[in-house]
Amino acid sequence: MTVRIRVIPCLDVADGRVVKGVNFVDLVDAGDPVEQARAYDAAGADELCFLDIGASHEKRDTIIDVVRRTAEVCFMPVTVGGGVRTADDARALLMAGADKVAVNSAAVSRPEVVSDIAGRFGSQCMVASIDARQVEEGCWEIFTHGGRTPTGIDALEHAVRMAELGAGELLVTSMDRDGTRDGYDLALTRAIADTVSIPVVASGGVGNLDHMVDGVIKGGANAVLAASIFHFGQHSISDAHDALRAAGLLARHNN
Amino acid sequence: MAETIALIDFGAGNLHSVHNALIATGATGVVVTADPDVVASADRIVLPGVGAFGACRDALVGINGMIAALEQRVRQNAVPFLGICVGMQLLADKGIEFGEHQGLGWIDGTVHAIEAPSADIKIPHMGWNDVSPTSGHDLLEAGEAYYLHGYHFDVTNTDDIFATTHHGMPLVSAVGRDNIVGVQFHPEKSQAYGLAFLKRFLEWKP
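Chains as they are written, first to last, in this note's numbering: chain Y, 34 to 288; chain F, 799 to 1004.
Simulated from the structure, these hints should not be mistaken for laboratory data.
For glycine and all other residues, C-beta sits at the position ideal for the given N, C-alpha and C.
Keep in mind that the hints are not guaranteed to be accurate.
To be verified - Chain Y side only, calculated, beta carbon under 8 Å to chain F, not exhaustive:
#1 V36
#2 D94
#3 G130
#4 Q157
#5 E202
Isolated chain Y (complex conformation):
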């Protein structure tokens, strides 16, 4: 056997509260992040992801407090993204109990931050967020600031650069699919997964369990991230594990 496909629920957080975004607009408050994290820990989530979606504009201390309180009651790996600009930002999150930090906008404007974080804390904790939109068949562009800002940077080239600078994982989000429930952009995920030697997390667009299976089999992802299908009880973590196993993939057996 080898390492299992990871199922990762993602909680979008702003001002210390969980919100659910549809294409990053029209936010609806959906509760306390620590309580939600605890529920996912009990449900056997393989990892948890917090995305601090207000963080590019607002203060940082709230998310650090959320991470610290989560680490007191949850014993699963936690990745935190949103507003991480420097190695010191990363350090504060890691010391609070995060296992990995995801860097997005800062890694575009100042790619050295990736090698700074990998050099100080190890590649294993340095996740590069790749937010991309398709511009033509087989070609995707990097967007920053929650998908609002185009950069003119080719997504595949950026992914390779992130890996070269020491990223230990890529979180690949299709901004075209995010919030649509139409499934991951499998061509994007596959193009990146086939190019880099580090793990790839598929993100953006999950509407059913088949989408998660496709993310692995067709997209080549090592982990599948989803939000709403878990948050609103449409499917459990166990359902996702079962679906992966039914498709012949390795997934964890829940306790």
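Following the hints, put chain F in place on chain Y, whose structure we already have.
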């Protein structure tokens, strides 16, 4: 009297998570410490660690008297010792990661980068994988635990290997000898399996 469990603070990123997990198992005597005197009189010792071998080693050696305290308390007085992730890798003779660095040298072997045997094996080794006991050690039960590492402990004597896992090739999951145990996986991040492992360590009488 409650035991004192010294959790060594040399700035490792997983220090607080390990602390939280030990408390969750019901441990009452956990002391987070950078004081060699506390380590030299502790009943159990836990060494966390994540990131680069050399950086962790330098931070540990940088605490005046810490290595001597560990040598005395673990090697001479034989109190139970647990190393986690890089805290386990530091048991090696040396680590090769951004140069060559000397380890504690308690378990013969070298820490070096995992080389993927094929393109579908992604490095770092990241996620839940087997813990497959090889020796019937009291602390190690078969199960699934969380791994997060790009370097691995290439152990010289197979007798020192307590458990293995597999990611493109066999990787050492747990090592040890006598009162010493080290695990590559993260018990503090391995939910029920990890907490049960820590509880066994706290009750362990080697």
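Handout entry: Interface hint for V36 (chain Y), Cβ within 8 Å of any Cβ on chain F
Key = The hint holds - V36 (chain Y) has a Cβ within 8 Å of chain F, the shortest such distance being about 4 Å.
Problem - chain F contact restraint for Q157 (chain Y) - C-beta distance below 8 Å - result: 5 Å, holds
Practice task
So, D94 (chain Y) near chain F? Judge it on the closest CB pair being under 8 Å.
Solution key: Constraint on D94 (chain Y) not satisfied, violated at 17 Å.
Practice task
Let me know if the C-beta of G130 (chain Y) comes in closer than 8 Å to any C-beta of chain F, holds or violated.
Solution key: 5 Å, holds
Handout entry: Interface hint outcome for E202 (chain Y) [beta carbon to chain F under 8 Å]
Key = 6 Å, holds
Consistency note: the structure conflicts with earlier hint 2 alone.
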